[in-house]
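K.L.:
Single-letter residue listing:
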Amino acid sequence: MKKTKQMKKILIVEDEKTLCLLYEEELAKEGYSVTTANDADTALEILKKKKFDLIITDIRMPGKNGIDLITKIMGLRKDIPIIINTAYQSYKSDFMTWAADAYVVKSSSLDELKSKIKEFIKK
Amino acid sequence: MLLSIISQSFFQSFSLEDNLLVILTALTSGSGVGFNRAMLFLAEGDKIRGEMWLGPRTREEAKYIWEVLSTPGIGYIEIIEHNRSLVDKNADTLSARIKSLSYSLHEEPLLLPALSASKKEIFIVRDAGNEPLVDKKFLETIGVNDFLCIPLYARDETMGEIVLDNAITNAPIEAKDIKLASICGLIAGNYIYATSLHAKMVEMEKLAALGEMAMFITHQLRNPLVTIGGFTDQLLNAQVEKEKQKRNLDIIKEEIRRLEKVVFELGHLLRVDLKKPVSIEVQPIIKSVLQSTDIKIKKKGREVRPRIEKNLPRILCEPTYLGEVLRNLLDNAFDATPPAGKIFVHVYRENKNWLVISVKDTGLGIPEHLKEKMFKPFFSTKEKGIGLGLLFVKRVMDAYGGKIEVESEEGKGAKFKLYFKCEEGG
Amino acid sequence: MSQLRKDVLSGRWIIIASERSKRPDDFRPHQSQVEKRMENKGFCPFCEGNESKTPPEVFSLRKAGTSKDTPGWRVRVVPNKFPALERGTPPPKPNKGLFQSMPGVGVHEVVIETPDHEKELVDLPLPHIREVLFVFQERIQNIEEELHYQYVQVFKNKGKEAGASLSHPHSQIVATPIVPKRIKEELYSAERLFTRSQECFFCRIIKEEGENKERLVYQNSHFCVIAPFASRFPFELVLYPLRHSPHYSSLTSDEFKSLAPALKTVLLKLKSILSDPPYNFIIHQSPNLNLSQKKWPSIENSYHWHMEITPVLTRVAGFELGTGFYINPVPPEAAAGYLRENSHKDRK
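Protein chains in written order, with the numbering used here: chain A, 1 to 123; chain B, 1 to 426; chain C, 1 to 348.
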């Protein structure tokens, strides 16, 4: 039986709901299956149950911040690629961000984010 | 001993006056060291103005002071306290005599004292009566023939000047005295400069340090920009169904409105200090605010219960700000109160000095740990809140000499009390 | 007695306020040990085994037979993974006028000092410390081959309060196409002082402090460590090579053999008497000697590389007033005294 090519699954951790909507729609167009979480704890809960091929996370969020989140994720499973997607340049000076594979600074065009997704998503 | 006075008491507070007093004290507090009297001028614009003059007025007073000061057990703090009281007293202190003095730093002919400050050079004057470089009126004020002018400056900016003499003992001013004075001058100059920087820093801290400001702008602006950019791109690209078109445009519109709000509130915040207060009657302003918000509040099922006392005094404030502040608090109360809840507005005179506007809601109340944080920038419990509202309220109250108090218990609602200073004679 | 002291090189005035003299006990910092252990429960990109999380290494000292970007290394250098500046050729000189700008161009590398997350630089055995110091030299030389990097800075932040974003021992190397302002001022100053006296200012200081001994903390055959006369901060220290040399690249292997114990001893003393404080050190050296001749004609003679070591003591801070005017409550003579008399106990 021909196995259907599975859609790649992306988990987006972002507290701004309109942004979540935008990402869901745009990434669905690229053929990805998108799940969103609005904070770190929710994301961790979801990760316990589902597998993902890529995680995209903001840094400044209510509750735990994105850097703590990726440190925690790395502590559990090192193999999921992670992209940091944030409005701030300044977190680049925190070497803990190296737990991620890419650091994208939010801008009005999604091109950079899309190209990093292509580059790092689990093959 | 001298520099230890400075190091011990200096920088205990950032009050400019206190610390300048420390320096003058250091220069005059011993009978073997330093000088009898020290006069301080501060630069203001392109002039120097008489600010403080420290020293005994007569020989008897000098003797008394020095005896007191050489009593064992008297430390530097006491000396400074003593001097502060000399400087504070109203009647005919030395300081009073120079407060009206001011000299231009640029107008020719430049004479002493201004000459020293302007050129940033030390001048030692002997036989002032025959010295053409000395301003005659100044000579009358200082009343001695020998004195020393020490300019105060930092970087390349003139900060002021200190003029020293030995009017009581008539001791000659020697090289070691000049050296001492010049070191003190150096410290004082730098210190005045630093205080002005500090004042600026405090101002900026009110807007939450530059870094946070930048972060705020980045955050508040970037997210809406991503949203607008992204949804606009969608519209520009392929065939988009009408429904989606409308939805996108709605979202874009909302984000733009949000950006406008940020820009507006920010600008507002920055401008608070610039508007001069006037004497106003609170009643009509409060009534008008209540009227305009009434519909909105009633529509959503809450009720406002106003109680405005009679014979309220006038206050000094900027009228549009008063309206905004009240609107701000009403908005918050509105958001906090459940439907069918009540908002109590009470306006009364608390005592001779204060008029109080209190806004009380019957909402969830404010937990203790948030009471401080509330007034900090960018703090908001609302989803689309920007967090500048309460900061604005606080700035207005601070700017016009008032204060704000919050009473609240978790679960029992919150009461915000705005205290406005009553106009004198009101 | 309080004193006003002038730091001749920088022109700064410092007040040393001895009336409020503080003892080392007054400087107990926060719990840095606890921090480290807690952090380890998560993840650290510098640790052995996580090489895939760093960019490809540009240099390493490793066990024979192991390959790049795999475990087996003792010291490892990687470029910054998310740089704000990019390595590459700089554009031509910036435009004149109000809107001068130069897009970010530079080098930023991280030297991971040991694969062991729990250790600190000061805990490493002397040969290992020697290797780290040698790696600094290696990288400086490599970077300066590209002539448009005028200045290379090597520095270390240890502890959160000192600016370190994680606790795994590391240092950083930053190279810029221009000489930073503060360094420029120091260079000009050194040149002026040399012109006046025809003697390297630093050599004079080393000689005088060596004779005077009041502020001398440590000395061996090639290096000395002193608490500067006009210290801005409590327990501020400077490490000087005894042999005049403007640039770190001139260090010989004999000198490395002395540099390691000098650095280790001094860091151990600080650790011991100030209860493991956060600290910074930074190497001040001349600009790229391949370039310096035209811009800094006397630099070979007037400048002397050195390392500034400053503990970060938050409880009684040196007071900076924004004018470069400091109050330091611990006279350097006292600091030197405490540091000298303390014979460090080798921990771990």
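Simulated from the structure, these hints should not be mistaken for lab results.
Bear in mind the structure is a predicted one, so any value in this text is a computation, not a measurement.
Beta carbons: idealized from backbone N, C-alpha and C, even for Gly.
A few of these clues could be false.
As the list claims (entries may be wrong) - Short, incomplete list of chain C residues facing chain A, as computed with Cβ under 7 Å:
# : residue
1 : G42
2 : F43
3 : P45
4 : K81
5 : Q153
6 : L166
7 : K207
8 : Y338
To be verified - In silico DSSO-like cross-links for lysine-lysine, where the CA-CA straight-line distance does not exceed 30 Å:
#  : chain 1 : residue 1 : chain 2 : residue 2
9  : C       : K257      : A       : K92
10 : C       : K257      : A       : K78
11 : C       : K257      : A       : K118
12 : A       : K17       : B       : K119
13 : B       : K296      : B       : K352
14 : A       : K49       : A       : K116
15 : A       : K64       : C       : K119
16 : A       : K17       : B       : K300
17 : A       : K29       : A       : K17
18 : B       : K244      : B       : K261
19 : C       : K53       : A       : K78
20 : A       : K78       : C       : K181
21 : B       : K352      : B       : K299
22 : A       : K17       : B       : K296
23 : B       : K99       : B       : K119
24 : A       : K64       : C       : K68
25 : A       : K48       : A       : K64
26 : C       : K184      : C       : K68
27 : A       : K9        : B       : K244
28 : B       : K352      : B       : K403
K.L.:
Does each hint fit the structure? Answer for all of them.
P.N.:
Results for each hint:
no., hint, result
1, G42, "holds (4 Å)"
2, F43, "holds (3 Å)"
3, P45, "holds (4 Å)"
4, K81, "holds (5 Å)"
5, Q153, "violated (15 Å)"
6, L166, "holds (5 Å)"
7, K207, "violated (40 Å)"
8, Y338, "violated (33 Å)"
9, K257(C) to K92(A), "violated (36 Å)"
10, K257(C) to K78(A), "violated (40 Å)"
11, K257(C) to K118(A), "violated (50 Å)"
12, K17(A) to K119(B), "violated (63 Å)"
13, K296(B) to K352(B), "violated (36 Å)"
14, K49(A) to K116(A), "holds (25 Å)"
15, K64(A) to K119(C), "holds (28 Å)"
16, K17(A) to K300(B), "holds (25 Å)"
17, K29(A) to K17(A), "holds (19 Å)"
18, K244(B) to K261(B), "holds (26 Å)"
19, K53(C) to K78(A), "holds (9 Å)"
20, K78(A) to K181(C), "violated (43 Å)"
21, K352(B) to K299(B), "violated (39 Å)"
22, K17(A) to K296(B), "holds (26 Å)"
23, K99(B) to K119(B), "holds (23 Å)"
24, K64(A) to K68(C), "violated (35 Å)"
25, K48(A) to K64(A), "holds (17 Å)"
26, K184(C) to K68(C), "violated (38 Å)"
27, K9(A) to K244(B), "holds (24 Å)"
28, K352(B) to K403(B), "holds (15 Å)"
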